[in-house]
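There are 2 protein chains.
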Amino acid sequence: MTPKTKSGLRVNKPNEGRLRAVIEKVKPEIDGGRFPAKRVVGERMTVEADIFTDGHDALAAALLYRRKSDSHWSETPMESLDNDRWRATFEVTEIGAYLYTLQAWVDRFESWRQGLAKKLQAGQDVAIDLLIGAGLVEETANRAPPTDKKRLGNFISILRSKQPDAGETALLPELAALMAKYSDRRWAVTYDKELRVNVDREKARFSTWYEMFPRSCASEPGVHGTLRDCEQRLPYVAGMGFDVLYLAPIHPIGRSFRKGKNNELGAGPDDVGSPWAIGAKEGGHKAIHPQLGTLEDFKRLVTKAKESGIEIALDIAFQCAPDHPYAREHPEWFRKRPDGSIQYAENPPKKYQDIYPLDFETDHWKELWDELKSIIVFWCEQGVRIFRVDNPHTKAFPFWEWVIAEVKKDYPEALFLAEAFTRPKVMYRLAKLGSKVMYRLAKLGFSQSYTYFAWRNTKWELTQYFTELTQTESADFFRASLWPNTPDILTEYLQFGGRPAFMTRLALAATLGANYGIYGPAFELCENVPRDPGSEEYLNSEKYELKHWDLERKDSLKEFIALVNRIRRENRALQSDRSLRFHPVDNPEIICFSKQTEDLKNVIVVVVNLDPHHTQSGWVELAMEELGLLPQQPFQMHDLLTNARYLWHGARNYVQLNPDTVPAQIFRVRHRLRHEQDFDYFL
Amino acid sequence: MTPKTKSGLRVNKPNEGRLRAVIEKVKPEIDGGRFPAKRVVGERMTVEADIFTDGHDALAAALLYRRKSDSHWSETPMESLDNDRWRATFEVTEIGAYLYTLQAWVDRFESWRQGLAKKLQAGQDVAIDLLIGAGLVEETANRAPPTDKKRLGNFISILRSKQPDAGETALLPELAALMAKYSDRRWAVTYDKELRVNVDREKARFSTWYEMFPRSCASEPGVHGTLRDCEQRLPYVAGMGFDVLYLAPIHPIGRSFRKGKNNELGAGPDDVGSPWAIGAKEGGHKAIHPQLGTLEDFKRLVTKAKESGIEIALDIAFQCAPDHPYAREHPEWFRKRPDGSIQYAENPPKKYQDIYPLDFETDHWKELWDELKSIIVFWCEQGVRIFRVDNPHTKAFPFWEWVIAEVKKDYPEALFLAEAFTRPKVMYRLAKLGSKVMYRLAKLGFSQSYTYFAWRNTKWELTQYFTELTQTESADFFRASLWPNTPDILTEYLQFGGRPAFMTRLALAATLGANYGIYGPAFELCENVPRDPGSEEYLNSEKYELKHWDLERKDSLKEFIALVNRIRRENRALQSDRSLRFHPVDNPEIICFSKQTEDLKNVIVVVVNLDPHHTQSGWVELAMEELGLLPQQPFQMHDLLTNARYLWHGARNYVQLNPDTVPAQIFRVRHRLRHEQDFDYFL
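The listed protein sequences correspond, in order, to chains R and G.
Position one of the first sequence corresponds to residue 1 (our numbering), numbered consecutively onward.
Position one of the second sequence corresponds to residue 684 (our numbering), numbered consecutively onward.
Misleading hints may appear alongside valid ones.
Stated by the list, open to error - Below are the SDA-like pairs computed for lysine to any residue, each with C-alpha atoms no more than 25 Å apart in a straight line: (1) G:Lys1019 / R:Arg160; (2) R:Lys149 / R:Glu168; (3) R:Lys193 / R:Glu24; (4) G:Lys802 / R:Asn263; (5) R:Lys350 / G:Asp740.
Stated by the list, open to error - Residues on chain R that point at chain G, a partial pick, calculated with CB under 10 Å: (6) Val22; (7) Glu24; (8) Gln114.
Hints were generated in silico from the structure; no laboratory data involved.
Here the structure is a predicted model, which is why all the values come from computation and not from measurement.
Even for Gly, the Cβ is constructed at its ideal location relative to N, Cα and C.
Please construct the entire structure, taking both the sequences and the accompanying hints into account.
This is the structure in structure tokens:
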């Protein structure tokens, strides 16, 4: 027998020259197996590989998989596709890591069986062949338990019987199945890597975020909002269909070098400061801003939110205001300047004197890591399981790898959204993680990642970008989160497109991305005035002052948003990005794409007018076959936004969208139409 | 200091959290580093990778490389390209394996230097910055030997001097170079793999093959040719410019079940049999067919060939005629049938009773491998260094991996051409090799590989296929060998296209492929009658009978072939496939492609009419910039086949090719044209 690994898997015996099968080009296998794939509970994990051998012999192959914490491997047979490609699938049912690998072997019985079939068809004498087959069956019978041994014995007798129909008997599927059950794997090749898939809870794949500043939730203007006020806001947020409420940082805000309104230098005494300038004499990352309330208030908010189907997400911004207790208690965690002061943040020639970055190259990095971990754990202990991480790309990669793994040890359901608006390879890396040094410890990247969606506005841009995100290897590790706006990002498209632009971007974010979010109430109230021309900062940004929002304004998009989010909840196709594909439209201002469930029971086609100023029309050309549509059979397109139903026929169909009413159509494809034959009296 | 590997390379210290640099997506890295790349002596090995870190700090990176047999690593700095991509190059100068890997580190001094430059430009006070810089230089000075320590000391004094120009001094390239020389690599990241490139002699990349049946070389018809006759044929072969003469098997031919003319069952007493039915009472794979001559004759032929600049290549066909001594002496190396006889080759319902395949699953596989190795070694001992391997894809992959490595231990200059006309992934695998089991032993694939060239006749087919072979990862491990015909392959294109088709295919093979060959004299004499309609077998194939060829026939292509081969020798661009690119032509029957040396000193543009029946014309559109051509400057196209010279201007130029004269143009691009300014009397 071949040797076994610790985990019980048989591996290839060294110096065995008869291992004739080859396994190559396994997918998913990210960066040569350095990084795991990602899935969520209940998903199917499909694994493919090139498998072949020398000569003409038949092969068999199996996909082996197990939970990392289990010792027992399960296995499922692989199916041969075209061009030496093989495939199999297993379901991931629990949070945590699974391992998978492949095994392949030359199947001597199946090779013999195929040869026999051809010889019988050609009318050749197969007497000797049947004896060869009997020998193969006999070998196998010796490995089988008594019942099957007896059944195999019967076949052996027939093969040796010289009966005229012995050849036909040898081809019976029953014999093939028995032989496969006890297949001879002495020279089976096991793939040289145990690959990994990390399984998260479903929200990692499908989530609907609402970002909000708690201090702006007071019922009266000019009053500092509290966590109790946030509770009052829950029905509003739940009513729009959001299931994650992400709060801007809730910690004490530094006073030294505090920024005034519109990020001006030198705050006045009434200026509230940026919540991202964390830390003051009242405490740091584990404290709550006194004007927001107490830890008890926070825990109550978490509970109340849960009752409304909402999870509270916190912001993890690992940086300090100069007043942060760390600056006094742990100056060794910062870089020092020759004059003894702590080095503030810089991006020369810009200076950010209100922010001290942590020094990840400090000799005391271990203590620093432990403390930062304790912050996340502290909030986990208060019931938080979702963290939006601010600028993770300005902290060392090994730290994230370590801390995510450490937190997930005790809180496996924790999710981390990376707010890294930076170069593409850095964004991908944060979703992968796993350095040479730390990877024995863990291989866990960020659960979700912000994207360039905000700046992808034309059809070409959207098509290119979302094809890359969903149809290439990155789909296996990078879970896109789409934000049409954030407190830092008011795009030109929103600035100049008015209310229709907000509807267009909402419809796109909510249907292109199973994970999306908005920064509200700025979004639903179509706030679109920038601080300066050419800037993406809001005028009078909520980052630096209290706001009082009129949530009941007539032009609010809250009902449109509620409708779109309901459509997302009711249509499983929109809860994953894997099936996304674009369909041609003969008008560059109209984009068309579809998503569907694997069983084709839920097929959604989205058509959006990207021009917020004019009605646009054009001819859509659907990839019928992939949507499960027959060319000759009409089908119904049910627009879930307006409840209108259209009868379409064939691939090419006409659409027209007026941005002043609704700039998008979200069609559910209804395959089964009533015909005259369906009526009772037709017959 | 970080730990070192056995080979002296510093590797990453475990549990060190400050390793901030990331190295990813290294190229070449075939199948995640499982397989080595291939190069030949004198080539440059270019390595690229994604390299980045968190935040905004500057990075430095180095490419490390060494001969596998050396312990010392050399290093060359990497250069940053766009989008976090880096590149460096080293030259491989000797046959054998080289290792390479990468190192990257955050460059604190360079980060500081870039910040300082920006601050100076913005007119900011840099007093503190200069002190920070002085501290960095001081740290480095402590690592430097006395001379450089002193030079660095001078800089430190200036940085601390508060002189008004101290900032400018800090930016001097001299200081940057000194700091780079003693860069701080405490937290340098070393890539987690030592990758490999196998270096062959130049003939692996550039060779010109002529295949011939020695027994058909007699000067008189009906007489069995000898190795002495082959000697007489050498001037003819050398005259056409071939440098490899590949002989069909020269061993004794089996008599049992010998095939007659045109592969008929039941040979007559005068039938000579197929040379691939190896083995008879006179001996097996180490013996020479008595009618061909003696081992002494063979060695003499090898020597004489060498004098003509020709290497003799032998055919390695590991299969046995029933009369082969192995069948008697080692029946355990074959599969047995229940009646005690040895299993002949089958491809049901076809039977090949004249051939016994070796059983690579025999319990005695080690003895079998040793014996097969001894065959190759035997012929190496007789002076042979090139082997064309018959049907390697019907023998176990681990065997080839082992035997190629074993032979190359003593004969590193040995080359192996894989004759595997089979599925694409199997062909690629033979060029890679390296199974889990055997790869500690060696990672050496076949040196060259037959291709689908014979069946790629249209512009679309040729463009797709040769773009894949030369412009994708396969170019790093798969060296294509192009054969327009073989004794087994007389394509329809040749059958129906007449002499122009042979010229077209010769020109394509010789210019698309740095390695190519023909089976002659059938090729140069335009032999094109198939055994049956729809068959690719020759009528009265030389495989089953003696042939007498009239080499002096007027319509022989020997002079055309000699000219094409001379052009190959004189133009380095044609001696490699790496630079191949196709250029559009507005006529589907005309193909245009180019090859060039890296320094652009030799640029070849080939235009071929693929229609053997009609004159075709069209407009070629050259990718000017890549060929080193300026849009506004005329250039000369010198057709090396006709010696005609054309003045072209701009990307679009007209071509016309008459298949009845020459269906191809092989242009050398001449950049420098004489202008009126060049004449003495112009001024």
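Evaluation of the provided hints:
no.: 1; hint: G:Lys1019 / R:Arg160; verdict: 17 Å, holds
no.: 2; hint: R:Lys149 / R:Glu168; verdict: 21 Å, holds
no.: 3; hint: R:Lys193 / R:Glu24; verdict: 11 Å, holds
no.: 4; hint: G:Lys802 / R:Asn263; verdict: 22 Å, holds
no.: 5; hint: R:Lys350 / G:Asp740; verdict: 15 Å, holds
no.: 6; hint: Val22; verdict: 6 Å, holds
no.: 7; hint: Glu24; verdict: 6 Å, holds
no.: 8; hint: Gln114; verdict: 8 Å, holds
Hint compliance for this structure: every hint is met.
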